[in-house]
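Engineer: Start from the sequences, fold in the hints, and give me the full structure.
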Amino acid sequence: MKFRTDSLSWQLLRSVLSTYFAITLAITVVQMGIEYFHARTVIRSELRDVENTFRPALSTALWELNREQILAIQKGILGLPNITSVTILTQRGEDLQLQDAAHFASGISHTFKVWYSFDGQDNELATVSFTASGKIVLDRVIVGFQMIVAAALIKSAVLVLLFFWVFRRTLDGPLGRLTGALRAVDLDTLGSKHLDLGLTGRNELTEVEGAFNRMLKTLDDERLESTRALRALNLGLEEQVEQRTRDLARSNADLEHFAYAASHDLREPLRMISSYLGLLERRESHHLSEEGLEFLGYAKNGAVRLNDMISALLDYARIGRDQPPHAPVSLDEVVEEVRVNLRVGLEENGARVDVAPPLPRVMGNRADLVRLFQNLIGNAVKYRAPDRLPIISISAGSVEGRWELAVADNGVGIPESASERVFELFQRLHGRDVEGSGIGLATCRRIVEQHGGSIRVEGEADRGSTFRLTLPAA
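So the sequence shown is numbered by the working numbering: it starts at 1 and just counts up by one.
If you're looking for bench data, these hints aren't it; they were derived computationally from the structure. Virtual Cβ for every residue (Gly too), placed ideally from N, Cα, C. Watch out, some of these pointers could steer you wrong.
Said to hold, decoys possible - Pair ranges (Cβ atoms, derived):
1) Asp49 <-> Thr127: 17 to 25 Å
2) Asn213 <-> Ile34: 50 to 58 Å
3) Val241 <-> Leu279: 53 to 61 Å
4) Val241 <-> Pro386: 44 to 52 Å
5) Ser395 <-> Val241: 35 to 43 Å
6) Asn123 <-> Thr28: 50 to 58 Å
7) Leu279 <-> Glu424: 36 to 44 Å
8) Val29 <-> Gln121: 52 to 60 Å
9) Ser395 <-> Leu219: 54 to 62 Å
10) Lys217 <-> Val149: 55 to 63 Å
Said to hold, decoys possible - List time: in silico DSS-like cross-link candidates among lysine-lysine, alpha-carbon distance up to 25 Å:
11) Lys300 <-> Lys382
12) Lys75 <-> Lys113
13) Lys75 <-> Lys135
Structural biologist: Okay, here's the thing in C-alpha coordinates:
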(Lines of atoms letter the chains of each structure in order from A; the text may use other names.)
(Lines give C-alpha, C1' and ligand atoms only; values in the text may rest on other atoms or scores of the structure.)
Protein backbone atom coordinates (compact mmCIF):
# COMPACT_ATOMS: atom_id res chain seq x y z
CA MET A 1 0.00 0.00 0.00
CA LYS A 2 1.34 3.40 -0.94
CA PHE A 3 1.87 5.75 2.01
CA ARG A 4 0.00 8.95 1.27
CA THR A 5 1.53 12.16 2.59
CA ASP A 6 -1.93 13.77 2.85
CA SER A 7 -3.38 10.98 4.98
CA LEU A 8 -4.51 11.46 8.55
CA SER A 9 -1.97 8.91 9.82
CA TRP A 10 0.89 10.74 8.09
CA GLN A 11 -0.20 14.05 9.58
CA LEU A 12 -0.42 12.47 13.03
CA LEU A 13 2.98 10.78 12.57
CA ARG A 14 4.48 14.07 11.44
CA SER A 15 3.07 15.85 14.49
CA VAL A 16 4.40 13.16 16.85
CA LEU A 17 7.86 13.17 15.26
CA SER A 18 8.01 16.97 15.20
CA THR A 19 7.18 17.07 18.90
CA TYR A 20 9.71 14.33 19.61
CA PHE A 21 12.49 16.12 17.71
CA ALA A 22 11.71 19.39 19.48
CA ILE A 23 11.89 17.68 22.88
CA THR A 24 15.07 15.84 21.87
CA LEU A 25 16.69 19.11 20.80
CA ALA A 26 15.76 20.77 24.09
CA ILE A 27 17.11 17.83 26.09
CA THR A 28 20.31 17.87 24.01
CA VAL A 29 20.84 21.57 24.76
CA VAL A 30 20.32 20.92 28.49
CA GLN A 31 22.71 17.96 28.33
CA MET A 32 25.31 20.13 26.62
CA GLY A 33 25.05 22.70 29.41
CA ILE A 34 25.37 20.00 32.03
CA GLU A 35 28.33 18.50 30.16
CA TYR A 36 30.04 21.89 30.00
CA PHE A 37 29.79 22.54 33.73
CA HIS A 38 30.75 18.96 34.49
CA ALA A 39 33.90 19.29 32.36
CA ARG A 40 34.92 22.45 34.24
CA THR A 41 34.35 20.70 37.56
CA VAL A 42 36.46 17.72 36.49
CA ILE A 43 39.30 19.98 35.33
CA ARG A 44 39.27 21.91 38.62
CA SER A 45 39.49 18.61 40.44
CA GLU A 46 42.45 17.62 38.26
CA LEU A 47 44.14 20.95 39.03
CA ARG A 48 43.77 20.28 42.77
CA ASP A 49 45.37 16.89 42.21
CA VAL A 50 48.31 18.65 40.51
CA GLU A 51 48.52 20.97 43.53
CA ASN A 52 48.64 18.06 45.95
CA THR A 53 51.29 16.34 43.86
CA PHE A 54 53.73 19.24 43.50
CA ARG A 55 53.10 21.22 46.71
CA PRO A 56 55.67 19.36 48.97
CA ALA A 57 58.53 19.57 46.47
CA LEU A 58 57.73 23.18 45.61
CA SER A 59 57.54 24.10 49.32
CA THR A 60 61.02 22.67 49.94
CA ALA A 61 62.53 24.32 46.85
CA LEU A 62 61.10 27.73 47.82
CA TRP A 63 62.33 27.40 51.42
CA GLU A 64 65.81 26.55 50.22
CA LEU A 65 65.65 29.18 47.43
CA ASN A 66 66.71 26.52 44.95
CA ARG A 67 65.89 28.26 41.71
CA GLU A 68 66.94 25.37 39.53
CA GLN A 69 64.60 23.06 41.37
CA ILE A 70 61.82 25.67 41.27
CA LEU A 71 62.26 26.00 37.50
CA ALA A 72 62.29 22.23 37.11
CA ILE A 73 59.04 21.96 39.06
CA GLN A 74 57.47 24.70 36.93
CA LYS A 75 58.51 22.90 33.78
CA GLY A 76 57.19 19.63 35.20
CA ILE A 77 53.81 21.20 35.90
CA LEU A 78 53.78 22.94 32.53
CA GLY A 79 54.56 19.62 30.90
CA LEU A 80 51.33 18.15 32.16
CA PRO A 81 48.51 17.92 29.60
CA ASN A 82 46.33 21.01 29.28
CA ILE A 83 48.46 23.20 31.71
CA THR A 84 49.40 26.35 29.82
CA SER A 85 50.98 28.57 32.50
CA VAL A 86 52.53 28.39 35.97
CA THR A 87 53.04 31.56 38.05
CA ILE A 88 54.85 31.74 41.42
CA LEU A 89 54.67 35.00 43.38
CA THR A 90 57.07 34.83 46.36
CA GLN A 91 56.68 36.72 49.58
CA ARG A 92 59.69 38.81 48.64
CA GLY A 93 57.80 40.02 45.57
CA GLU A 94 59.46 37.92 42.91
CA ASP A 95 57.22 36.90 40.03
CA LEU A 96 58.35 33.61 38.59
CA GLN A 97 56.15 32.94 35.55
CA LEU A 98 56.45 30.21 32.98
CA GLN A 99 53.87 29.65 30.25
CA ASP A 100 53.32 27.49 27.19
CA ALA A 101 53.48 28.96 23.71
CA ALA A 102 49.82 27.91 23.16
CA HIS A 103 48.67 29.75 26.28
CA PHE A 104 45.25 31.31 26.10
CA ALA A 105 44.34 34.35 28.11
CA SER A 106 41.11 32.66 29.10
CA GLY A 107 41.13 29.35 30.88
CA ILE A 108 40.53 27.70 34.22
CA SER A 109 42.89 29.00 36.90
CA HIS A 110 43.79 27.39 40.20
CA THR A 111 45.59 29.32 42.93
CA PHE A 112 46.95 28.11 46.27
CA LYS A 113 49.38 29.15 49.03
CA VAL A 114 52.68 27.37 49.64
CA TRP A 115 53.65 26.99 53.28
CA TYR A 116 56.69 25.53 54.97
CA SER A 117 56.72 24.35 58.61
CA PHE A 118 59.93 25.07 60.54
CA ASP A 119 60.37 24.69 64.31
CA GLY A 120 56.64 24.18 64.62
CA GLN A 121 55.83 27.39 62.81
CA ASP A 122 54.10 27.62 59.38
CA ASN A 123 55.77 30.10 57.05
CA GLU A 124 54.00 31.39 53.91
CA LEU A 125 56.49 31.24 51.08
CA ALA A 126 54.56 32.04 47.88
CA THR A 127 51.29 32.11 46.00
CA VAL A 128 51.19 29.63 43.13
CA SER A 129 48.74 29.90 40.23
CA PHE A 130 48.49 27.68 37.19
CA THR A 131 46.02 27.75 34.36
CA ALA A 132 44.40 24.99 32.35
CA SER A 133 43.52 25.82 28.73
CA GLY A 134 39.86 26.62 28.06
CA LYS A 135 40.21 24.54 24.91
CA ILE A 136 40.20 21.36 26.96
CA VAL A 137 36.71 22.22 28.14
CA LEU A 138 35.50 22.69 24.56
CA ASP A 139 37.22 19.47 23.45
CA ARG A 140 35.56 17.48 26.19
CA VAL A 141 32.19 19.14 25.54
CA ILE A 142 32.51 18.42 21.80
CA VAL A 143 33.29 14.79 22.50
CA GLY A 144 30.27 14.61 24.80
CA PHE A 145 28.15 16.44 22.22
CA GLN A 146 29.14 13.98 19.52
CA MET A 147 28.20 11.07 21.72
CA ILE A 148 24.89 12.70 22.67
CA VAL A 149 24.05 13.49 19.02
CA ALA A 150 25.03 10.00 17.89
CA ALA A 151 22.84 8.45 20.58
CA ALA A 152 19.97 10.82 19.71
CA LEU A 153 20.21 10.01 16.00
CA ILE A 154 20.23 6.29 16.67
CA LYS A 155 17.24 6.59 19.00
CA SER A 156 15.43 8.86 16.54
CA ALA A 157 16.00 6.49 13.63
CA VAL A 158 14.76 3.55 15.67
CA LEU A 159 11.74 5.50 16.91
CA VAL A 160 10.89 6.80 13.41
CA LEU A 161 10.93 3.27 12.02
CA LEU A 162 8.95 2.02 15.01
CA PHE A 163 6.40 4.84 14.74
CA PHE A 164 6.13 4.32 10.98
CA TRP A 165 5.48 0.62 11.40
CA VAL A 166 2.98 1.15 14.21
CA PHE A 167 1.09 3.87 12.35
CA ARG A 168 0.99 1.80 9.16
CA ARG A 169 -0.30 -1.21 11.06
CA THR A 170 -2.74 0.41 13.48
CA LEU A 171 -3.92 3.54 11.66
CA ASP A 172 -2.90 4.04 8.04
CA GLY A 173 -3.72 0.51 6.88
CA PRO A 174 -7.19 0.40 8.48
CA LEU A 175 -7.99 3.94 7.34
CA GLY A 176 -6.88 3.06 3.81
CA ARG A 177 -9.16 0.01 3.80
CA LEU A 178 -11.99 2.15 5.18
CA THR A 179 -11.64 4.84 2.49
CA GLY A 180 -11.31 2.15 -0.18
CA ALA A 181 -14.51 0.53 1.06
CA LEU A 182 -16.29 3.90 1.01
CA ARG A 183 -15.21 4.51 -2.59
CA ALA A 184 -16.34 1.03 -3.60
CA VAL A 185 -19.85 1.41 -2.18
CA ASP A 186 -22.37 0.84 -4.96
CA LEU A 187 -26.12 0.46 -4.56
CA ASP A 188 -26.19 -2.62 -6.79
CA THR A 189 -23.53 -4.52 -4.78
CA LEU A 190 -24.30 -3.50 -1.20
CA GLY A 191 -25.13 -7.05 -0.20
CA SER A 192 -21.66 -8.34 -1.14
CA LYS A 193 -19.72 -5.58 0.62
CA HIS A 194 -18.15 -6.14 4.06
CA LEU A 195 -15.50 -4.00 5.69
CA ASP A 196 -12.66 -5.79 7.51
CA LEU A 197 -9.99 -3.45 8.91
CA GLY A 198 -7.87 -6.36 10.12
CA LEU A 199 -7.81 -5.11 13.73
CA THR A 200 -7.99 -7.11 16.95
CA GLY A 201 -9.36 -5.83 20.22
CA ARG A 202 -11.77 -2.96 20.57
CA ASN A 203 -11.08 0.69 19.73
CA GLU A 204 -12.57 3.59 17.80
CA LEU A 205 -11.68 2.08 14.43
CA THR A 206 -13.33 -1.25 15.22
CA GLU A 207 -16.45 0.70 16.26
CA VAL A 208 -16.35 2.52 12.91
CA GLU A 209 -15.95 -0.87 11.21
CA GLY A 210 -19.03 -2.25 12.94
CA ALA A 211 -21.09 0.89 12.29
CA PHE A 212 -20.08 0.88 8.62
CA ASN A 213 -21.06 -2.77 8.14
CA ARG A 214 -24.38 -2.15 9.88
CA MET A 215 -24.97 0.83 7.61
CA LEU A 216 -24.25 -1.31 4.53
CA LYS A 217 -26.72 -3.94 5.69
CA THR A 218 -29.39 -1.32 6.42
CA LEU A 219 -28.88 0.32 3.04
CA ASP A 220 -29.01 -3.04 1.27
CA ASP A 221 -32.23 -4.01 3.08
CA GLU A 222 -33.81 -0.65 2.21
CA ARG A 223 -32.61 -0.96 -1.39
CA LEU A 224 -34.13 -4.42 -1.73
CA GLU A 225 -37.39 -3.24 -0.20
CA SER A 226 -37.47 -0.17 -2.46
CA THR A 227 -36.67 -2.33 -5.49
CA ARG A 228 -39.51 -4.71 -4.69
CA ALA A 229 -41.91 -1.81 -4.17
CA LEU A 230 -40.74 -0.12 -7.36
CA ARG A 231 -41.12 -3.31 -9.38
CA ALA A 232 -44.63 -3.79 -8.04
CA LEU A 233 -45.47 -0.17 -8.84
CA ASN A 234 -43.95 -0.43 -12.33
CA LEU A 235 -45.86 -3.62 -12.98
CA GLY A 236 -49.10 -1.93 -11.97
CA LEU A 237 -48.31 1.14 -14.06
CA GLU A 238 -47.39 -0.99 -17.07
CA GLU A 239 -50.67 -2.84 -16.79
CA GLN A 240 -52.56 0.45 -16.49
CA VAL A 241 -50.69 1.92 -19.47
CA GLU A 242 -51.29 -1.18 -21.56
CA GLN A 243 -54.99 -1.16 -20.65
CA ARG A 244 -55.34 2.55 -21.40
CA THR A 245 -53.43 2.09 -24.64
CA ARG A 246 -55.80 -0.68 -25.66
CA ASP A 247 -58.78 1.44 -24.62
CA LEU A 248 -57.44 4.45 -26.51
CA ALA A 249 -56.69 2.40 -29.62
CA ARG A 250 -60.17 0.89 -29.49
CA SER A 251 -61.69 4.33 -28.93
CA ASN A 252 -59.72 5.83 -31.82
CA ALA A 253 -60.68 2.94 -34.05
CA ASP A 254 -64.33 3.38 -33.07
CA LEU A 255 -64.15 7.11 -33.72
CA GLU A 256 -62.47 6.60 -37.09
CA HIS A 257 -65.02 3.98 -38.03
CA PHE A 258 -67.84 6.26 -36.91
CA ALA A 259 -66.44 9.25 -38.81
CA TYR A 260 -65.90 7.15 -41.92
CA ALA A 261 -69.31 5.50 -41.72
CA ALA A 262 -71.13 8.71 -40.85
CA SER A 263 -69.42 10.66 -43.62
CA HIS A 264 -70.03 7.89 -46.12
CA ASP A 265 -73.67 7.48 -45.12
CA LEU A 266 -74.30 11.23 -45.19
CA ARG A 267 -73.20 11.55 -48.81
CA GLU A 268 -76.20 9.69 -50.23
CA PRO A 269 -78.91 11.88 -48.62
CA LEU A 270 -76.78 14.92 -49.44
CA ARG A 271 -76.74 13.88 -53.11
CA MET A 272 -80.51 13.58 -53.02
CA ILE A 273 -80.82 17.04 -51.45
CA SER A 274 -78.50 18.53 -54.06
CA SER A 275 -80.32 16.73 -56.89
CA TYR A 276 -83.77 17.90 -55.78
CA LEU A 277 -82.50 21.45 -55.25
CA GLY A 278 -81.15 21.40 -58.82
CA LEU A 279 -84.41 19.92 -60.12
CA LEU A 280 -86.39 22.54 -58.21
CA GLU A 281 -84.27 25.32 -59.71
CA ARG A 282 -84.71 24.00 -63.25
CA ARG A 283 -88.46 23.31 -63.11
CA GLU A 284 -89.90 25.81 -60.67
CA SER A 285 -87.53 28.79 -60.74
CA HIS A 286 -89.99 30.78 -62.92
CA HIS A 287 -92.65 30.30 -60.26
CA LEU A 288 -90.40 31.57 -57.41
CA SER A 289 -90.10 35.12 -56.28
CA GLU A 290 -86.77 36.91 -56.12
CA GLU A 291 -86.58 36.15 -52.41
CA GLY A 292 -87.38 32.48 -53.04
CA LEU A 293 -84.60 32.26 -55.60
CA GLU A 294 -82.22 33.80 -53.04
CA PHE A 295 -83.20 31.20 -50.45
CA LEU A 296 -82.78 28.46 -53.03
CA GLY A 297 -79.23 29.74 -53.71
CA TYR A 298 -78.44 29.65 -49.98
CA ALA A 299 -79.62 26.05 -49.82
CA LYS A 300 -77.51 25.02 -52.82
CA ASN A 301 -74.40 26.75 -51.39
CA GLY A 302 -74.98 25.07 -48.03
CA ALA A 303 -75.27 21.70 -49.73
CA VAL A 304 -71.98 22.31 -51.59
CA ARG A 305 -70.20 23.36 -48.38
CA LEU A 306 -71.59 20.35 -46.54
CA ASN A 307 -70.44 18.08 -49.36
CA ASP A 308 -66.94 19.61 -49.20
CA MET A 309 -66.82 19.12 -45.44
CA ILE A 310 -67.97 15.50 -45.69
CA SER A 311 -65.38 14.85 -48.42
CA ALA A 312 -62.65 16.38 -46.26
CA LEU A 313 -63.77 14.34 -43.26
CA LEU A 314 -63.75 11.17 -45.37
CA ASP A 315 -60.24 11.99 -46.59
CA TYR A 316 -59.17 12.50 -42.97
CA ALA A 317 -60.69 9.16 -41.89
CA ARG A 318 -59.15 7.27 -44.85
CA ILE A 319 -55.56 8.26 -43.92
CA GLY A 320 -53.70 5.10 -42.88
CA ARG A 321 -56.59 2.74 -43.76
CA ASP A 322 -55.88 -0.11 -46.18
CA GLN A 323 -52.90 1.63 -47.77
CA PRO A 324 -50.00 -0.04 -49.59
CA PRO A 325 -46.55 -0.06 -47.95
CA HIS A 326 -44.58 3.15 -48.16
CA ALA A 327 -42.29 3.50 -51.16
CA PRO A 328 -39.73 6.07 -52.34
CA VAL A 329 -41.51 9.22 -53.55
CA SER A 330 -39.97 12.22 -55.32
CA LEU A 331 -41.17 15.42 -53.67
CA ASP A 332 -40.30 17.37 -56.83
CA GLU A 333 -42.90 15.27 -58.67
CA VAL A 334 -45.38 15.69 -55.79
CA VAL A 335 -45.08 19.50 -55.85
CA GLU A 336 -45.37 19.56 -59.63
CA GLU A 337 -48.58 17.50 -59.45
CA VAL A 338 -49.95 19.94 -56.85
CA ARG A 339 -49.12 22.84 -59.18
CA VAL A 340 -51.19 21.18 -61.90
CA ASN A 341 -54.11 20.48 -59.54
CA LEU A 342 -54.16 24.07 -58.23
CA ARG A 343 -53.23 25.79 -61.49
CA VAL A 344 -56.50 27.70 -61.85
CA GLY A 345 -56.46 28.99 -58.28
CA LEU A 346 -52.78 29.93 -58.49
CA GLU A 347 -53.29 31.86 -61.73
CA GLU A 348 -56.43 33.65 -60.52
CA ASN A 349 -54.65 34.88 -57.39
CA GLY A 350 -51.32 35.63 -59.09
CA ALA A 351 -49.63 33.17 -56.71
CA ARG A 352 -46.09 31.94 -57.19
CA VAL A 353 -44.61 28.69 -55.86
CA ASP A 354 -40.81 28.80 -55.51
CA VAL A 355 -38.97 25.52 -54.97
CA ALA A 356 -35.32 25.22 -53.93
CA PRO A 357 -34.39 22.23 -56.15
CA PRO A 358 -33.83 19.47 -55.95
CA LEU A 359 -36.32 18.37 -53.33
CA PRO A 360 -35.44 14.98 -51.78
CA ARG A 361 -36.99 11.56 -52.17
CA VAL A 362 -38.81 10.30 -49.09
CA MET A 363 -40.50 7.09 -48.00
CA GLY A 364 -44.25 7.51 -48.06
CA ASN A 365 -47.63 7.25 -49.75
CA ARG A 366 -47.71 9.40 -52.87
CA ALA A 367 -51.44 10.21 -52.72
CA ASP A 368 -51.21 11.30 -49.08
CA LEU A 369 -48.12 13.43 -49.78
CA VAL A 370 -49.93 15.13 -52.69
CA ARG A 371 -52.88 15.84 -50.37
CA LEU A 372 -50.43 17.17 -47.72
CA PHE A 373 -48.71 19.70 -50.00
CA GLN A 374 -51.99 20.56 -51.73
CA ASN A 375 -53.52 21.53 -48.37
CA LEU A 376 -50.46 23.61 -47.35
CA ILE A 377 -50.17 25.44 -50.70
CA GLY A 378 -53.95 25.82 -51.01
CA ASN A 379 -54.15 27.36 -47.51
CA ALA A 380 -51.32 29.77 -48.37
CA VAL A 381 -53.34 30.99 -51.38
CA LYS A 382 -56.65 30.99 -49.51
CA TYR A 383 -55.29 33.01 -46.57
CA ARG A 384 -53.37 35.52 -48.67
CA ALA A 385 -52.64 39.05 -47.45
CA PRO A 386 -54.89 41.57 -49.22
CA ASP A 387 -52.03 43.95 -50.04
CA ARG A 388 -49.63 41.53 -51.75
CA LEU A 389 -49.54 38.61 -54.16
CA PRO A 390 -49.08 35.16 -52.59
CA ILE A 391 -45.54 33.73 -52.66
CA ILE A 392 -44.97 30.18 -51.40
CA SER A 393 -41.39 28.93 -50.88
CA ILE A 394 -40.51 25.26 -50.41
CA SER A 395 -37.07 24.08 -49.22
CA ALA A 396 -35.56 20.99 -47.59
CA GLY A 397 -32.63 20.09 -45.34
CA SER A 398 -31.25 16.93 -43.76
CA VAL A 399 -31.64 16.61 -39.97
CA GLU A 400 -30.35 13.47 -38.19
CA GLY A 401 -31.05 11.10 -41.07
CA ARG A 402 -34.46 12.60 -41.89
CA TRP A 403 -35.66 15.38 -44.19
CA GLU A 404 -37.08 18.59 -42.79
CA LEU A 405 -39.31 20.45 -45.25
CA ALA A 406 -40.17 24.13 -44.87
CA VAL A 407 -43.27 25.56 -46.59
CA ALA A 408 -43.25 29.34 -46.10
CA ASP A 409 -45.78 31.94 -47.27
CA ASN A 410 -46.31 35.70 -47.02
CA GLY A 411 -49.97 35.52 -46.05
CA VAL A 412 -51.95 36.76 -43.05
CA GLY A 413 -49.88 34.61 -40.66
CA ILE A 414 -50.78 32.56 -37.60
CA PRO A 415 -50.34 34.00 -34.08
CA GLU A 416 -47.98 32.05 -31.82
CA SER A 417 -50.81 31.50 -29.34
CA ALA A 418 -52.69 29.48 -32.01
CA SER A 419 -49.72 27.45 -33.29
CA GLU A 420 -51.05 24.22 -31.74
CA ARG A 421 -54.78 24.83 -32.03
CA VAL A 422 -54.71 25.20 -35.83
CA PHE A 423 -53.90 21.47 -36.20
CA GLU A 424 -57.06 20.38 -34.37
CA LEU A 425 -60.23 19.28 -36.18
CA PHE A 426 -62.74 22.02 -37.11
CA GLN A 427 -60.49 24.81 -35.81
CA ARG A 428 -60.58 27.96 -37.95
CA LEU A 429 -58.81 31.20 -37.04
CA HIS A 430 -60.56 33.52 -39.48
CA GLY A 431 -64.15 32.39 -39.01
CA ARG A 432 -66.46 33.26 -41.89
CA ASP A 433 -63.99 35.65 -43.56
CA VAL A 434 -62.57 32.76 -45.61
CA GLU A 435 -64.39 29.61 -46.65
CA GLY A 436 -63.04 26.35 -45.29
CA SER A 437 -63.87 23.16 -43.42
CA GLY A 438 -61.38 23.44 -40.55
CA ILE A 439 -60.06 19.97 -41.40
CA GLY A 440 -57.16 20.76 -43.77
CA LEU A 441 -54.34 21.28 -41.22
CA ALA A 442 -55.64 18.42 -39.06
CA THR A 443 -55.34 16.24 -42.17
CA CYS A 444 -51.78 17.50 -42.71
CA ARG A 445 -50.78 16.56 -39.18
CA ARG A 446 -52.38 13.10 -39.51
CA ILE A 447 -50.56 12.43 -42.80
CA VAL A 448 -47.19 13.52 -41.37
CA GLU A 449 -47.65 11.45 -38.21
CA GLN A 450 -48.68 8.42 -40.30
CA HIS A 451 -45.26 8.82 -41.95
CA GLY A 452 -43.48 8.86 -38.57
CA GLY A 453 -42.78 12.61 -38.65
CA SER A 454 -43.92 15.80 -36.99
CA ILE A 455 -45.24 19.17 -38.10
CA ARG A 456 -45.26 22.59 -36.50
CA VAL A 457 -45.89 26.17 -37.57
CA GLU A 458 -43.90 29.34 -36.96
CA GLY A 459 -45.13 32.82 -37.72
CA GLU A 460 -46.73 36.07 -36.64
CA ALA A 461 -49.96 37.81 -37.52
CA ASP A 462 -49.67 39.72 -40.85
CA ARG A 463 -46.11 38.41 -41.38
CA GLY A 464 -46.73 35.04 -42.99
CA SER A 465 -46.24 31.50 -41.73
CA THR A 466 -43.67 28.73 -42.09
CA PHE A 467 -44.75 25.11 -41.73
CA ARG A 468 -41.88 22.77 -40.80
CA LEU A 469 -42.41 19.04 -41.19
CA THR A 470 -40.14 15.99 -41.04
CA LEU A 471 -40.37 12.93 -43.29
CA PRO A 472 -38.26 9.74 -43.45
CA ALA A 473 -35.50 9.69 -46.06
CA ALA A 474 -35.80 7.18 -48.87
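Engineer: Decide, hint by hint, whether the structure agrees.
Structural biologist: Going through the hints against the structure:
no.	hint	result
1	Asp49 <-> Thr127: 17 to 25 Å	holds, 19 Å
2	Asn213 <-> Ile34: 50 to 58 Å	holds, 55 Å
3	Val241 <-> Leu279: 53 to 61 Å	holds, 56 Å
4	Val241 <-> Pro386: 44 to 52 Å	holds, 50 Å
5	Ser395 <-> Val241: 35 to 43 Å	holds, 39 Å
6	Asn123 <-> Thr28: 50 to 58 Å	holds, 52 Å
7	Leu279 <-> Glu424: 36 to 44 Å	holds, 38 Å
8	Val29 <-> Gln121: 52 to 60 Å	holds, 54 Å
9	Ser395 <-> Leu219: 54 to 62 Å	holds, 57 Å
10	Lys217 <-> Val149: 55 to 63 Å	holds, 56 Å
11	Lys300 <-> Lys382	holds, 22 Å
12	Lys75 <-> Lys113	holds, 19 Å
13	Lys75 <-> Lys135	holds, 20 Å
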